[in-house]
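J.: So you can see what is in the structure, the chains are spelled out below.
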Amino acid sequence: MRRSIAIVFAFAPCIARAASPMTYMVSHGPAANPITALGWGLLGLSIVVAAFISLSVLIGIWWKRDRGEYDEVGWPVLSRGRNGMPWLTIGVPVSIVLLLLSAIWTFFVLGATAAPSKTPAITLVITGHQWWWEVRYEREGAPQLTFDTANEIHIPVGAPVRLRLMSADVIHSFWIPQLAGKTDTIPGQVNLAWLQADKPGVYRGQCTEFCGLQHAHMAMYVIAQEPRAFNAWWMAQLRDAAGPPAGLALQGQSVFQARCAICHSVRGLAGSQGVLGPDLTHLMSRRTIAAGTLPNNTGDLSAWISNSQSLKPGNDMPNEDLNGPQLQALLAYLQTLK
Amino acid sequence: MALNPVYRTPLIARPTEELREKLESIWADPPGLYGWLATTDHKKIGHRYLTTAFVFMLVGGLEALGMRLQLAQPNEHLLPPNLYNQFFSMHGMTMIFLYALPILSGFSNYLWPLILGTRDMAFPRLNAFTYWVFLLAGIFLYIGFWNGKGTNVGWFNYVPLASRPYNPDWNVDIYSLGMVFLGISTTAGAVNFIATMFRTRAPGMSISRVPIMIWGTLVSNVGILFAVPAVSLDFMLLWCDRRFGTHFFDAAAGGRPLLWQHLFWIFGHPWVYAIVLPAMSIVSQALPVYCRRPLVAQPAVVLATILTMVLGFGVWVHHMFSTGLPVIAMGFFSAASFVIVIPSAVSVFAWVATIWTGRPVFTTAFKFFAAEVVLFVIGGVSGFMTAAVPLDWQLTDTYFVVAHLHYVLIGINVFPVIGGIYHWFPKMTGKMMSEKLGWWNFWLMFIGFNLGFFPMHISGLLGMPRRIYTYPAEIGWGTANLITTIGSFVFALGVLLFVINVIRSLLVGAKAPANPWDADTLEWSVTSPPPSYNFAVIPHVATIHPLWEGRLEGETLSILHEGPVLDHEHEMPGTTALDAEPDVILKQPSHSLVPLCMALLIAGMFVGLLLEMWWVAAGCMLAMIPALLWWFWPRVETGWAVRA
Amino acid sequence: MNSNIYRPPTYEETTEPRTLPVGKAGWRTPGWWGVLALIGTEAAVFSYLIFSYFYLQSQTLQPWPPSGLPPLRYAAPSTAALLISIGTMWWAERGARLGSGGRLLSGLLITLLLGVCYVILQCFDWHDEPFLPRSGAYGSLFFAITSFHVLHAAIGVLVLAAMIWWSALRHITAERYTPITVTALYWYFVVAAWIAVFITLYLLPWITPH
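Respectively, the protein sequence lines represent chains A, B and C. So in the working numbering, the last spot in the first sequence is 338, and the numbers never skip. So in the working numbering, the last spot in the second sequence is 644, and the numbers never skip. So in the working numbering, the last spot in the third sequence is 210, and the numbers never skip.
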């Protein structure tokens with residue numbers, strides 16, 4: 001166990017440098033760390049075994065090739081051959097011992113990661129949709145603190161968070177590689193999982209069960225914050241949208257009510273309780289839109305509203321046929337959803 | 001009105017020219033189109049299987065190249081998502097169902113009767129039927145692809161994405177019915193191989209003298225018998241859900257999406273063994289030939305083959321570790337998945353020991369077989385990693401698994417198959433293949449394969465999920481994917497060179513002797529290519545290496561050139577299951593159109609079901625009754641009717 | 001020489017001419033192995049259907065079966081008919097071996113009639129069930145399992161009819177009776193499969209607490 005951790009520390013920086021934000025060969029929380037160690041350990045064992053057998057084949061081919069007699073066509077003479085049984089009588093028991101050790105390690109890791117060591121105070125109810133993630137925050141014993149958001153998950157550093165995973169349509173799989181392994185979201189059942197981040201940062205995740213046309217564009221982010229910042233974020237998210245805006249944004253609000261509110265909800269805005277699309281109450285607090293497809297800035301937001309079908313073909317949001325002033329007004333309104 | 005005699009004492013003799021001519025006139029197919037359509041010659045059917053399956057592999061390969069172009073760089077727009085999804089689904093379906101098993105059935109069809117020392121399969125017409133159903137089912141599975149109705153949910157077709165609300169078009173209906181259709185061929189083939197093994201071996205080939213190539217296919221087919229029903233049932237239930245509004249998988253009405261996965265993987269995992277065990281047994285059979293010694297620990301390898309299949313039925317849940325199952329259940333299936341490594345280790349060590357203690361001859365076939373050993377170990381250890389439940393939570397559904405399954409299916413299926421063609425091509429065609437082209441062929445395939453598929457491990461470890469049609473630039477998967485794409489084209493070049501070598505050798509290859517590789521089993525005791533009747537007199541087998549025993553045992557015990565002359569119509573000996581004592585003279589049916597008619601009626605039925613033209617389906621089903629009566633009608637030549 | 005020591009058969013022994021039966025004779029024909037393999041695969045389908053039944057039962061929170069206990073009004077007599085048909089099939093098969101055409105024909109005919117009885121009774125049973133295949137997962141599975149079994153019985157009836165025809169044409173003799181043996185093997189399987197289905201679908205709900 002200790003040696004494998006040493007291996008992890010030796011290799012991890014190389015990987016982390018090369019790396020993708022999605023690599024699970026480095027990890028940052030107790031739901032993933034034992035798995036990462038196991039991964040490096042079994043990977044190392046696998047490489048050793050594969051190298052050993054490959055070398056054996058190569059050496060076996062060339063070693064002693066030219067000794068012995070040849071028949072009339074120049075092939076080595078057929079024979080019963082030397083005794084090859086030691087390969088099996090040694091190789092198979094050694095394999096069994098290695099398997100047994102791997103299995104024991106696996107079961108320790110399974111025990112360590114199946115459930116968090118302390119009961120989580122926060123529960124995230126996550127519902128997979130084609131192709132975005134609906135997130136509902138719940139705190140034990142405080143139903144008034146519940147609110148909805150989408151695609152971006154903030155968590156406090158150093159505390160486990162429970163996940164209740166569900167699906168609104170087809171099977172998806174929830175995965176934040178550097179924080180925990182995958183758990184599927186399956187219609188008709190609720191799967192439990194948990195994760196915890198030990199250092200602040202942004203962790204990317206992505207749907208990993210094929211879920212249709214836009215399976216490739218179904219990412220999510222976990223933002224781990226210090227508890228104080230996290231609580232502030234929660235309180236901000238809990239608030240309704242700011243009161244009626246003025247000027248251009250006010251026109252935009254009526255565009256929103258006419259064109260967007262049937263699918264999207266903005267808490268505090270009359271007639272906007274749509275549930276087909278993500279909750280937009282605090283849209284501007286998110287880093288990306290369309291489940292990690294585009295960065296959240298005015299240009300991309302504008303492109304998305306008017307042309308979502310070519311940016312993410314097949315998604316449920318139609319291309320909104322807005323004229324220039326309407327689009328400008330709508331964007332101005334969306335800017336107020338901080 | 002001659003009485004059909006009940007007993008006969010066959011003459012024991014050496015073959016004469018006269019006898020060969022008589023047998024040829026009995027066993028050769030009639031000329032022309034009729035003979036082509038009606039043949040029940042296992043050698044022709046074997047050829048057809050090999051060719052058809054290989055063509056399907058080329059088609060599946062082109063689909064793969066399309067995907068690789070799309071993934072070569074981030075944010076490409078070559079294939080839109082709806083096409084990409086069909087490409088990877090059709091690619092998986094084609095390679096796993098229309099290539100991997102049928103190509104092995106091709107080898108087995110061609111080689112079994114020759115290796116077993118007999119003249120045909122136990123059920124020659126069923127054999128022809130099996131091929132026609134495979135061909136028609138393959139075409140059926142492809143009928144929608146040209147206009148966007150190819151299956152598009154991946155080869156494992158998870159519900160509810162494959163259910164009607166999320167997939168209303170015909171894509172999945174074609175796939176569902178096509179799979180049930182194809183299952184008929186697979187199952188019928190398995191029945192035939194099992195009956196052939198237990199009933200038609202040459203006299204003296206007791207169970208301990210059965211060559212290992214037979215064992216691999218037999219075990220695979222016994223597995224198929226119990227595994228394929230699960231997937232046929234699964235697809236049938238899905239089709240009912242889609243077309244008749246039943247609720248097997250519908251969570252809203254008491255069904256369960258996970259029922260699909262259980263049934264699918266109860267089939268799916270044994271299926272993996274069904275498509276690798278025969279290929280492994282090709283290696284076990286032919287590798288020792290080039291090492292100039294018998295296989296090390298042959299009985300242990302046979303037992304390991306059987307054990308693999310038995311355990312293979314107890315590990316299906318390791319495909320479902322992330323579906324939220326109880327920890328205890330996952331622990332059990334994880335342990336079982338570790339245990340299944342042990343019989344694989346037995347095979348690997350036996351091969352290494354054979355190479356190590358033998359004196360290898362460097363033919364192209366040998367290179368492919370030796371490469372298989374290495375690729376098997378790489379594919380094996382990555383599978384071993386996924387057996388560890390918590391690690392699988394990370395690995396599953398990433399490119400690591402894609403790398404693993406390609407090392408398994410290309411490493412343990414394609415490499416032995418290509419090696420097997422180099423090995424048996426002289427026997428099947430009477431022509432030698434070019435060893436010089438073979439050298440290029442091998443190295444292009446080997447380097448291309450590793451260049452293409454090894455980086456998939458890396459992209460997997462970097463977190464790239466399977467089945468995404470594009471990925472963003474900043475995420476760091478670009479390099480690995482570009483190398484994969486380059487490697488896949490090098491690999492494709494190697495396959496192309498193989499095709500060229502086959503065609504060139506057919507046209508201008510050197511003439512092959514009966515036993516060019518100095519191999520040990522009975523197929524090498526007859527001319528290349530073998531005559532239509534295989535053996536003029538029935539051989540008597542006394543050891544597992546009939547052609548080597550003079551040199552290995554010091555004396556020749558098997559009797560190959562004198563034996564029972566069975567020359568009254570299509571005859572071959574029936575022998576007892578364990579000792580292979582002759583106990584009957586089997587009267588085999590000859591050429592017939594009834595297998596093709598039955599296959600066409602079944603195809604008509606499935607087309608009727610697909611188009612919901614119920615009267616077509618019902619008409620075809622009713623027409624099967626007279627067709628089957630025709631098939632089984634008592635005839636003197638099949639040794640049943642009392643009088644003609 | 002000690003006769004207990006194994007020695008391989010001599011050349012003369014292995015090439016000595018033997019008198020062998022010809023055609024569909026002998027004890028276990030290829031057809032016997034073929035149908036045995038077919039039975040294996042069909043038994044697997046029934047196992048997977050029954051697995052699906054218990055799996056969905058284990059996952060549901062609703063009463064199972066949802067519409068109350070399954071009625072035995074038709075299922076019990078149809079079970080009895082199939083059980084009796086084991087005896088009549090055996091009677092026919094022994095008759096064939098003994099070369100008794102009368103025993104063979106009468107046995108086959110009664111077996112066929114009992115099979116038809118079963119199919120008709122099962123149709124009544126379907127008609128009386130308070131649910132449809134579309135009513136829910138239970139109904140879907142109930143009809144899938146029972147209709148799959150009726151399909152097997154119907155195929156068995158057709159095979160029996162063909163055997164009656166061929167027996168009447170005197171193609172079955174004391175030497176060549178294996179088609180009857182193979183038919184009997186299949187029919188025993190149909191009955192055995194029904195017993196499994198009957199216990200699962202009809203009996204277990206009565207004897208397990210709700």
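Hints are supplied without guarantee of correctness; some may be wrong.
[What the hints assert, rightly or not] Which residues of chain B face chain C? A partial, calculated answer using Cβ under 10 Å: (1) R8; (2) A227; (3) I306; (4) S532.
[What the hints assert, rightly or not] Computed footprint of chain B on chain C, listed as stretches where at least three residues anywhere in the stretch have a Cβ under 8 Å from a Cβ of chain B: (5) 33 to 39; (6) 96 to 110.
What the hints contain is simulated information worked out from the structure, not anything from laboratory work. Glycine residues also receive a C-beta, built at the ideal position from the N, C-alpha and C atoms.
J.: All hints are to be evaluated individually against the structure, with a verdict given for each.
T.: To see whether the hints hold, each was checked on the structure:
1. R8: Since the shortest Cβ distance to chain C is 5 Å, the answer is holds.
2. A227: holds, 8 Å
3. I306: Given a least distance of 16 Å, the restraint on I306/B is violated.
4. S532: Nearest chain C Cβ about 20 Å off; hint violated.
5. 33 to 39: holds (count 4)
6. 96 to 110: violated (count 0)
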